[in-house]
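J.: Chain by chain, the residues run as shown.
Protein chains: 2
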Amino acid sequence: MKELLLARAFRLIEPGPVVLLTTSHKGKANVMTMSWLMDVEFTPQIACIVSESDYSFKALRSTKECVIGIPAVDIIGKVIDLGNCSGKDVNKFTKFKLTPLPAEKVKAPLIAECLANIECRVIDTILVKKYNLFILEGIKAWIDNNRKEKRTFHAVGDGTFVVDGRRINLKKKMVKWKEIINI
Amino acid sequence: MKELLLARAFRLIEPGPVVLLTTSHKGKANVMTMSWLMDVEFTPQIACIVSESDYSFKALRSTKECVIGIPAVDIIGKVIDLGNCSGKDVNKFTKFKLTPLPAEKVKAPLIAECLANIECRVIDTILVKKYNLFILEGIKAWIDNNRKEKRTFHAVGDGTFVVDGRRINLKKKMVKWKEIINI
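Note that the protein sequences, when read in sequence, are chains A and B. Heads up: the first sequence begins at 0 in numbering that gives the first Met the number 0, then just goes up one per residue. Heads up: the second sequence begins at 0 in numbering that gives the first Met the number 0, then just goes up one per residue.
The set of hints was computed from the structure by calculation and includes no laboratory data. Owing to the predicted nature of the structure, the values given are computational and were not obtained by experimental measurement. Hints may contain errors.
Identical chains share a label here; the pair holds if one copy fits it or two copies do between them.
[Claimed, not checked] Taking lysine-lysine and the BS3-like style, the derived pairs with C-alpha atoms no more than 25 Å apart in a straight line are:
| # | residue 1 | residue 2 |
| --- | --- | --- |
| 1 | Lys129 | Lys27 |
| 2 | Lys175 | Lys94 |
| 3 | Lys149 | Lys170 |
| 4 | Lys175 | Lys57 |
| 5 | Lys87 | Lys1 |
| 6 | Lys170 | Lys128 |
| 7 | Lys171 | Lys77 |
| 8 | Lys172 | Lys139 |
| 9 | Lys147 | Lys128 |
| 10 | Lys175 | Lys106 |
| 11 | Lys149 | Lys27 |
| 12 | Lys175 | Lys87 |
| 13 | Lys172 | Lys129 |
| 14 | Lys57 | Lys170 |
| 15 | Lys96 | Lys170 |
| 16 | Lys147 | Lys177 |
| 17 | Lys139 | Lys25 |
| 18 | Lys171 | Lys57 |
| 19 | Lys106 | Lys139 |
| 20 | Lys77 | Lys175 |
| 21 | Lys63 | Lys128 |
| 22 | Lys106 | Lys170 |
| 23 | Lys106 | Lys96 |
| 24 | Lys172 | Lys128 |
| 25 | Lys104 | Lys170 |
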């Protein structure tokens with residue numbers, strides 16, 4: 000994993016991929032699958048929904064730290080399977096042969112098999128009680144540029160997933176966003 | 000546009016497509032392009048970021064109503080162009096030849112050229128001041144099943160856009176989510 004310019008990390012979230020969320024609580028690392036998240040600010044700040052019924056909820060609320068890992072489609076099977084069991088019952092890193100790597104600024108681990116990882120701190124919990132909505136701030140980002148498979152995938156919510164298809168370049172049209180797209 | 004079961008409307012948002020947001024304020028309809036949004040609840044509830052600098056901000060905050068339209072890739076040019084000018088200066092419906100249709104429960108219009116539309120009410124503004132974050136509730140949903148082009152597209156944030164590619168069916172793996180995916 001090579002460092003990714005933090006000002007570019009919002010681009011990992013904006014397309015709306017399925018991601019992994021790692022936490023570390025009382026010496027125990029865990030990972031869950033997450034699809035409900037969005038950019039809030041370019042710095043980046045990210046909003047996400049982690050349900051009270053998720054085993055990771057307590058870890059996230061207590062430690063106020065996590066890592067968002069962005070998987071590519073070659074590990075979609077693992078990503079979906081680990082989203083269908085609980086860290087309460089199994090060590091998911093062992094069970095799904097995922098490699099936790101030490102992060103730099105948080106205790107939650109990076110995932111070696113992911114395309115990219117964003118170390119995050121929870122900066123706002125005001126909507127946690129009502130909507131399970133956490134506001135995170137990305138504080139360090141990593142990318143694996145040597146990875147061959149770079150296509151991410153998107154949950155449809157009916158048990159199907161859509162893989163990234165072709166890319167359309169409309170840079171010339173983005174007049175209003177020139178500064179942002181040139182970062 | 001045919002009615003879409005409201006309990007399925009979250010599936011329009013979960014994959015993370017670029018969407019259109021319409022408002023109607025003081026008799027004037029407007030539409031903006033939006034990429035920062037996510038599901039919050041299946042009912043559906045949706046969080047989105049509408050910046051104070053967007054002309055639609057005032058309309059959304061005042062009327063507390065909007066429509067989220069989901070465009071397919073055949074109108075990507077219009078969607079990006081209308082996101083690069085302001086309703087302050089132009090009537091975007093006229094300029095980009097988009098057809099506003101009357102919604103049922105809100106004054107903001109549906110867009111005939113979209114694949115689907117969700118009529119929404121703003122239900123929480125507590126994070127508007129700090130993050131420009133609105134919580135919406137979908138109250139009526141519409142879909143155009145006769146439309147040929149159904150692939151949506153996703154903003155990367157660098158002036159490029161990724162179109163929906165192939166679909167992977169993992170319904171059998173979604174043990175924990177059986178009730179949701181069968182809606």
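J.: Each hint: holds or not?
T.: Right, here's what the structure says about each hint:
no., hint, verdict
1, Lys129 x Lys27, "neither (27 Å within a copy, 33 Å between copies)"
2, Lys175 x Lys94, "between (47 Å within a copy, 17 Å between copies)"
3, Lys149 x Lys170, "both (21 Å within a copy, 24 Å between copies)"
4, Lys175 x Lys57, "between (41 Å within a copy, 20 Å between copies)"
5, Lys87 x Lys1, "neither (32 Å within a copy, 43 Å between copies)"
6, Lys170 x Lys128, "neither (40 Å within a copy, 31 Å between copies)"
7, Lys171 x Lys77, "between (38 Å within a copy, 14 Å between copies)"
8, Lys172 x Lys139, "neither (30 Å within a copy, 33 Å between copies)"
9, Lys147 x Lys128, "neither (41 Å within a copy, 42 Å between copies)"
10, Lys175 x Lys106, "neither (39 Å within a copy, 28 Å between copies)"
11, Lys149 x Lys27, "neither (29 Å within a copy, 43 Å between copies)"
12, Lys175 x Lys87, "between (47 Å within a copy, 14 Å between copies)"
13, Lys172 x Lys129, "neither (39 Å within a copy, 30 Å between copies)"
14, Lys57 x Lys170, "neither (42 Å within a copy, 28 Å between copies)"
15, Lys96 x Lys170, "between (39 Å within a copy, 22 Å between copies)"
16, Lys147 x Lys177, "neither (29 Å within a copy, 33 Å between copies)"
17, Lys139 x Lys25, "within (22 Å within a copy, 45 Å between copies)"
18, Lys171 x Lys57, "neither (45 Å within a copy, 29 Å between copies)"
19, Lys106 x Lys139, "within (13 Å within a copy, 43 Å between copies)"
20, Lys77 x Lys175, "between (40 Å within a copy, 15 Å between copies)"
21, Lys63 x Lys128, "both (15 Å within a copy, 23 Å between copies)"
22, Lys106 x Lys170, "neither (38 Å within a copy, 34 Å between copies)"
23, Lys106 x Lys96, "within (20 Å within a copy, 52 Å between copies)"
24, Lys172 x Lys128, "neither (41 Å within a copy, 30 Å between copies)"
25, Lys104 x Lys170, "neither (34 Å within a copy, 37 Å between copies)"
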